[in-house]
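Protein chains: 2
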Amino acid sequence: MKIGILGTGIVGKTIAAKLIELGHEVTLGTRDVAGKLAETAPDFYGNPPFNVWHAQHQQIKLATFTEAAAHGELVFNATNGGATLEALKSAQETNLNGKVLIDIANPLDFSHGMPPTLLVCNTDSLGEQIQRAFPLARVVKTLNTISAPVMVNPRQLAGGEHTMFVCGNDAGAKTQVNEILQDWFGWKYVIDLGDISVARGMEMYLPLWLRLMGALGSPMINVKVVK
Amino acid sequence: MKIGILGTGIVGKTIAAKLIELGHEVTLGTRDVAGKLAETAPDFYGNPPFNVWHAQHQQIKLATFTEAAAHGELVFNATNGGATLEALKSAQETNLNGKVLIDIANPLDFSHGMPPTLLVCNTDSLGEQIQRAFPLARVVKTLNTISAPVMVNPRQLAGGEHTMFVCGNDAGAKTQVNEILQDWFGWKYVIDLGDISVARGMEMYLPLWLRLMGALGSPMINVKVVK
Chain H
238 MKIGILGTGI
248 VGKTIAAKLI
258 ELGHEVTLGT
268 RDVAGKLAET
278 APDFYGNPPF
288 NVWHAQHQQI
298 KLATFTEAAA
308 HGELVFNATN
318 GGATLEALKS
328 AQETNLNGKV
338 LIDIANPLDF
348 SHGMPPTLLV
358 CNTDSLGEQI
368 QRAFPLARVV
378 KTLNTISAPV
388 MVNPRQLAGG
398 EHTMFVCGND
408 AGAKTQVNEI
418 LQDWFGWKYV
428 IDLGDISVAR
438 GMEMYLPLWL
448 RLMGALGSPM
458 INVKVVK
Chain U
238 MKIGILGTGI
248 VGKTIAAKLI
258 ELGHEVTLGT
268 RDVAGKLAET
278 APDFYGNPPF
288 NVWHAQHQQI
298 KLATFTEAAA
308 HGELVFNATN
318 GGATLEALKS
328 AQETNLNGKV
338 LIDIANPLDF
348 SHGMPPTLLV
358 CNTDSLGEQI
368 QRAFPLARVV
378 KTLNTISAPV
388 MVNPRQLAGG
398 EHTMFVCGND
408 AGAKTQVNEI
418 LQDWFGWKYV
428 IDLGDISVAR
438 GMEMYLPLWL
448 RLMGALGSPM
458 INVKVVK
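Sequences listed follow chains H and U, in order.
Residue 457 in the working numbering is what sits at position 220 of the first sequence, and the numbering runs on without skipping anything.
Residue 272 in the working numbering is what sits at position 35 of the second sequence, and the numbering runs on without skipping anything.
Just so you know, the hints here were simulated from the structure itself, not pulled from any lab data.
Glycine included, C-beta positions come from ideal geometry on N, C-alpha and C.
Misleading hints may appear alongside valid ones.
Said to hold, decoys possible - No farther apart than 20 Å at their CA atoms in a straight line, the calculated lysine-lysine pairs in the PhoX-like style are these:
id	chain 1	residue 1	chain 2	residue 2
1	U	Lys255	U	Lys239
2	U	Lys425	U	Lys461
3	U	Lys336	U	Lys239
4	U	Lys425	U	Lys464
5	H	Lys425	U	Lys461
6	U	Lys273	H	Lys464
7	H	Lys239	H	Lys298
8	H	Lys461	U	Lys461
9	U	Lys464	H	Lys461
10	H	Lys255	H	Lys425
11	U	Lys461	H	Lys464
12	H	Lys326	H	Lys336
13	U	Lys464	H	Lys425
14	H	Lys461	U	Lys336
As the list claims (entries may be wrong) - With the C-beta cut set under 7 Å, the calculated list includes, among others, these residues of chain H facing chain U:
id	residue
15	His291
16	Gly423
17	Lys425
18	Ile428
19	Leu430
20	Met450
21	Gly454
Said to hold, decoys possible - Which bits of chain H does chain U cover? Going by a derived footprint, with three or more residues having C-beta under 8 Å, they are:
id	stretch
22	392-399
23	455-461
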């Protein structure tokens, strides 16, 4: 399948690497292709610069947001939440219309120090902002509640005995995303929580997740819903 | 132990009933004692009026917020989040100073319909507001992430294989609350997430919890943290 991934951070790279391993054609979109390839410093988290990773993943094409979205029959939003709407605008609405858009971003605001606050919450969410700005995109919010390595390999954590959530307005899109989560990535438990307004709850969970990560000393954590 | 519980809703009643079962002396505080006892209509959730329950739990004394707080060597805040600060003011600061104050309330705002939003979040929380307003109270936030029956009997749900969180500024108070959760109520897994500012995350989890309750069709749910 042709897949576009917007964002070249750890989430975008992790999803991209998993998807080519599964045999898909992946284009990774970024704001400034030449600039991204020219980076020589480690990123914010101390990971090697992009080109080091790219040399090990040469099947993945690096392109503009527009080209990545145009390439994808399916599009992942793995951009920084604060830059998401700008990135999607740059990707162009016509390249998103009618497509399943998997939104993994969190609207985190690091400008006031750690732990970050949210740029939008309570009465709105990034997921809803995206759906409103691109009404013909079939937005499904998921995977934003865990760290990148767990997204594509949940069974490395507690044998996969933990839960992923999805929400969105388009039932068909959620069915497709559910299959991707279960069949491609190996999730055992996926709960459909409802329409895109549930993105509020999924994004507002982040402050708790960040404190859990701090208390347990690892980002390799998740929750299992029990009933 | 002498324990004061502020709030006569389902949370206050459930905790009170458990505590007398354990042999403690419980006073339940309310704004208007005569009015509460005179109620004849079922409550918001369809539970019988207070006096029906009280007739079955006669060892529990109903009193004012002031009297309940004065009675308690330990105080539970089980009031409605929107009314908590007023209730605690009515309980009087001198009756809270130096005491462990277990804050279970959530600042839910039902005025805009369902699901509720939060009255305070992101850069502040009810837990922090309480600690700021009553600086000598030893506030510990806990139990706000589940429904009342699970609070005092976690093992009825998935054999107790799920997690409770605590936060607060006073290490000794958290140790005592941890013992209450484990030894009195039967919690297997309690995670100390840090100082009272973690109340933001614990309260901001509610929108997700409410959607989970809707999706799973039951309030008898919780999450187990896996790592």
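*Within a Cα-Cα threshold of 20 Å, do lysine 255 of chain U and lysine 239 of chain U meet the stated pairing?*
14 Å, holds
*If you take the shortest Cβ to Cβ gap from lysine 425 of chain H to chain U, is it below 7 Å?*
Interface hint status for lysine 425 of chain H: violated (12 Å vs cutoff 7 Å).
*lysine 239 of chain H and lysine 298 of chain H: Cα distance at most 20 Å?*
Holds, because 11 Å separates the two Cα atoms, which is no more than 20 Å.
*asked:* With the threshold set at 20 Å, check whether the alpha-carbon distance from lysine 425 of chain H to lysine 461 of chain U stays at or below it.
replied: 15 Å, holds
_Status of the hint placing isoleucine 428 of chain H at chain U (closest C-beta pair under 7 Å)_ = It holds, given that the least Cβ distance between isoleucine 428 of chain H and chain U is near 6 Å, below 7 Å.
*Given coverage of the stretch 392-399 of chain H by chain U, checked by CB-CB distance under 8 Å (3 or more)*: Since 4 is at least three, the answer is holds.
*Given the hinted pair lysine 326 of chain H and lysine 336 of chain H, is their alpha-carbon gap at most 20 Å?*
Measuring from Cα to Cα gives roughly 15 Å; hence the hint holds.
_Restraint status (C-alpha distance of lysine 425 of chain U to lysine 461 of chain U at most 20 Å)_ = 11 Å, holds
*Closest C-beta approach of histidine 291 of chain H to chain U relative to 7 Å, hint status*: At about 31 Å, which exceeds the 7 Å cut-off, the nearest Cβ of chain U leaves the hint on histidine 291 of chain H violated.
*Holds or violated: lysine 336 of chain U to lysine 239 of chain U, with C-alpha atoms at most 20 Å apart*: 12 Å, holds
*Would the stated hint for methionine 450 of chain H survive a check requiring a Cβ distance to chain U of less than 7 Å?*
10 Å, violated
*Going straight from one Cα to the other, do lysine 425 of chain U and lysine 464 of chain U come out at no more than 20 Å?*
Holds, at roughly 16 Å.
Checked against the numbered hints listed earlier, the structure breaks hints 6, 14, 15, 16, 17, 20 and 21; every other hint is satisfied.
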